[in-house]
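Each chain is listed here by its residues.
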Amino acid sequence: MRQLFLTLSFLSLLLTASGQDKFTLSGYVKDASTGEELIGVTVWVDEIKNGTTTNFYGFYSVTLPAGDYTLNYSYVGYKSIQKTVTLSANTEFNIDLPSEALEIDGVVITDKPIDANVTDIKMSRNELNVEQVKKLPALFGEPDIIKTVQMLPGVITAGEGTSSFFVRGGSADQNLILIDEAPVYDPSHLFGLFSVFNADVIKDSEIYRGGIPARYGGRLSSILDVRTKDGNNKKFGGSAAIGTLASKIMLEGPIKKNESSYIVSARRSYADLFLKMSGNKNTVYFYDVNAKVNWKFNNNNRLYAAFYKGRDDFSLDGTFGFDWGNTTGTLRWNHLFSDKLFSNTSLIASNFDYITKFDDAAQGFIWNANMKEYSFKQDFNYYMNPMNELQFGYHLTYRKIAPGKIAPSQEGTIFKDTELAKLYSLEHSLYLSNQQTVTDKLSFEYGLRVSIFQNVGKQDVFVYEDPYDNINIKRTDTLSYGKLENIKTFVNWEPRFSARLMVSPKSSIKASYNRMVQNVHLISSGTVPLPFNTWQPSGPYLKPQIADQYAMGYFRNFKDNTYEVSVEGYYKDMQDVTDFADNAEIFFNDDLSTEFRQGKSWSYGAEFMAQKVKGDVTGFVSYTYSKTQREIPGVNRGEAFNANYDRRHVFNAVGTYEMNDKWTFGASFTYTSGRPTTIPSGRYEFGSNYNIDLITERNAYVLPTFHRLDLSATLNPRVKKDRNWRGQWVFSIYNAYNRSNPFTVYTRTVQNDKGEVIDPNKKEARMVYLFPILPSITYKIKF
Amino acid sequence: MKKLLYTLFALALVITACEKTIVLDQMQTEPQFVIEGLVVNVDSTQYVKISKSVDFYAEGTTPRVTNATVTVKDSEGNVFNYVHNPWGVSVYDGVYASEVTYEGIVGRRYNLTVEVDGETFTASDDLYRVTPIDSLVQEYDPEIDEEDHPERKYLVKMYAKEPQETKDYYLFKFYRNGEEVNSDGGEFYYANDDAIAENINGIEAPGYYAPDDTVTMEILSLSRLGYLFYNDANLLINSDGGMFSPPPANPRSNIEGGAAGFFQTSAIDTEKIVIKK
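So the sequence lines, in the order shown, correspond to chains A and B.
Numbers 1 to 783, taken from my numbering, label the letters of the first sequence in order.
Numbers 784 to 1060, taken from my numbering, label the letters of the second sequence in order.
No incorrect hints appear here.
Simulated restraints on C-beta separations: (1) A:M659 to B:T804: 42 to 48 Å; (2) A:R268 to B:E922: 37 to 43 Å; (3) A:E631 to B:N975: 27 to 33 Å; (4) B:T1053 to A:Y270: 51 to 57 Å; (5) B:P946 to A:D317: 31 to 37 Å; (6) B:N975 to A:R268: 38 to 44 Å; (7) A:P633 to B:S858: 30 to 36 Å.
With a straight-line cut-off of 16 Å between C-alpha atoms, the simulated EDC-like cross-links for lysine to aspartate or glutamate are: (8) A:K506 to A:D440; (9) A:K754 to B:D967; (10) A:K416 to B:E981; (11) A:K506 to A:D560; (12) A:K754 to B:E930; (13) A:K416 to B:E945; (14) A:K612 to A:E131; (15) B:K940 to A:D360.
With the C-beta cut set under 7 Å, the calculated list includes, among others, these residues of chain A facing chain B: (16) F415; (17) K762; (18) M767.
Don't read these hints as lab results, they were simulated from the structure.
Please read these numbers as outputs of a predicted model, since none were measured by experiment.
Glycine included, every Cβ here is placed at the ideal spot set by N, Cα and C.
Using the sequences and the hints, build the whole thing.
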């Protein structure tokens, strides 16, 4: 019924699209100095009091009756410019937007306000300004957008030192993390101290916590969409940085001026080099490489190729090794079928794998697991008229998961070649959405996504007498499926809806509803995923996870859009969230399906955010109140319990102060309720000297409050005339007042300073604290 | 292997981490019965121990339960009655001994019934055969450096054959001159045979040993539930509190009626070696 209604309304739109003589004005908006296309630039037409924004590829299109028009192009961090055009034919109109720092003659600067916070239909969404991220204090001086994501309203962290985040009651695996449209399955370096995103190559990143557009799907709780730079197509340049923990280099430049460019960057940590020098046989390092090339043949055809590879390597004593990493590749073709119909075709590949090695004559093994994903995406933007912008497309994804394989590391060890069954799946998604301006006050964005998920062969599916019995596992049958043969199909309709009503020129009310479906399930039973967790597709024993989210908010700007304020409330209802039986064996288990427990989860909260976007001082403060619970059959006696990332109050503040051309200061502060955790209520003796904890309730204890202040200072020394490069110093202090923040709490039998047990009948609780005060220095050059 | 992974992770974090003993509130509980029984395939007195749990911070040994009625019945209908502390020595309070000696028979199922204070607890376990230990071999390693025991320069390695046609679960126990070596109650040694090949060539026993030490190793068969009990108990003892490891949870047990612990039946093989200089 609902689908029928949508179809009809689309049809009626198409009918109204014809009529008087209209022409299309379209083009790309670029950074004037680098040629980078800019995403999300507001294009406002004074005469119709309406406008559009550039899409992910910097393209915009407006269709208007013949006449004279005044167009305003505005974007944060750039000078807003005004152009007048006489439209009497379809016109290609590319714009070079000068950045705020750039002195430029001959363009008309407008004072058109940048008030997207209020006027944009999107809510529960934040753009991450990477330039600001670079000025903020960072752990070991390595700027990291994920650490800024973790400060946003509605986003919770499990603790410092992890790259995981939890959005509006969703677990860490419910975030779709994209780099140039390719999914990143594990965003962590060094077990989460850093993320895989190198700030030097990021052009634009945004996160959706709600009101998620129909073109995104596959995860319940959020979309973090990171897009890298294309490379300067006007002149060669680059940067290099030496930091406390890692060094990096980035080069970019034209292959053919204005038409084709490249960017490459590499980053590597080097603590291991010092370890090696000190004769230590342990090693730990990570590296990553980003590379991208593009050819802009003309406005109608553009080709991009992007590549990412990152890897962590950890080895102990030369005998134990562990390494993991992501590799992604994206091939993208932008094509204009007409100046109203923009097409993006992408081929995407993503691989995540890990290897664990133990080199020992008796117990040596090599264990590896991987997950591969290949996607084809066809997306269209159809700029029907200024009132209606359509997006539609088709995505096809093929996944192959190899959950684990063990082999002896050498002849004669106790291990034999053993492999867990591989898992395959195919997913088709179709979507259609329209952003409709109803009146100059009211706008809608409505759409529908349908996901058709198939768990396919080749696979042997076991049939169990009781599929939830993980003790006496009785297989009654084995069903064999051939290559690509359908095992189980799930079809899910995902409606999406957003509305924006201007209540005054400076304020608006927004509301949204979205249904999200997730068909890949992370096999992790801790709070924070580890790099050696694997994923499983929906199938005979795992239902798709489904979330319905309702959100409403009030948005207001003050003082000429200097301050942006928002208040949002949400309620999220999740079905069949994936959890695990108590003591589940999630590693190398042939009967893993007997450990799955799916249940309900619900979350609600209120989020406040105030942001200052202009002036010497910029930054934001955010406060979130939220509550998240789970009810999983067979876990905690079937009673509801607080999710382990359910932190009730979260307050964050982030700011930078540009004192003068030389000095910029940054600070960030966080104050968060403790994380719920499970502690024992009692103990009992068993065997000789064993004392075992008695557990009565899941997550009933709340760890102490977490708070921390980080500071930074950036020094830009004066540029010497005869030099064509600029230096920069970044000083950071992490945990400035050296607070001992709780990371986790565990229990043990009381030990003395030597680690010896004196009395086996005395237990104690131990609190683990992660980072003391940590200063760092980074030196960077730009050329 | 799994534990190795968690340990590894913990290691990565200790670079800068520190920890302190803290006192938590809310750590009280209703006392719960704890039952621990073992029937082995050796003709001998068999034992069951019954105690109660205490609050987490309670000190000293846990209370022993001395007034229970304990019987074991096997699947052939033989009934064995147990008596409380027949020796009358207070250190054996809470220990129930079989009235007669008997031998657990491979292939039989054993059923335990405990009646105490109007409550009844039952448990069953199947007795499986065990793989014998072929041999224990000592190995000198000059790099071993135990601060308090500089004479301990030897390690002991085990050789055995793992039967490939059956699914087996094992518990290992190690003794130095009769005293159990188990990291002060910090570690259970247990295994399943997933991914394990036939030849077990030199698995290292925990601990280091000095000349003239008698090293005893026991291999005991476990049922699957027995294996899960030890696995869960080991996970709980070594839990990081649920950050990376699973949330702490009580071990799965075969005891019905709400008591903690485990009733275990095992075939056992023992091997000894006296360390020579």
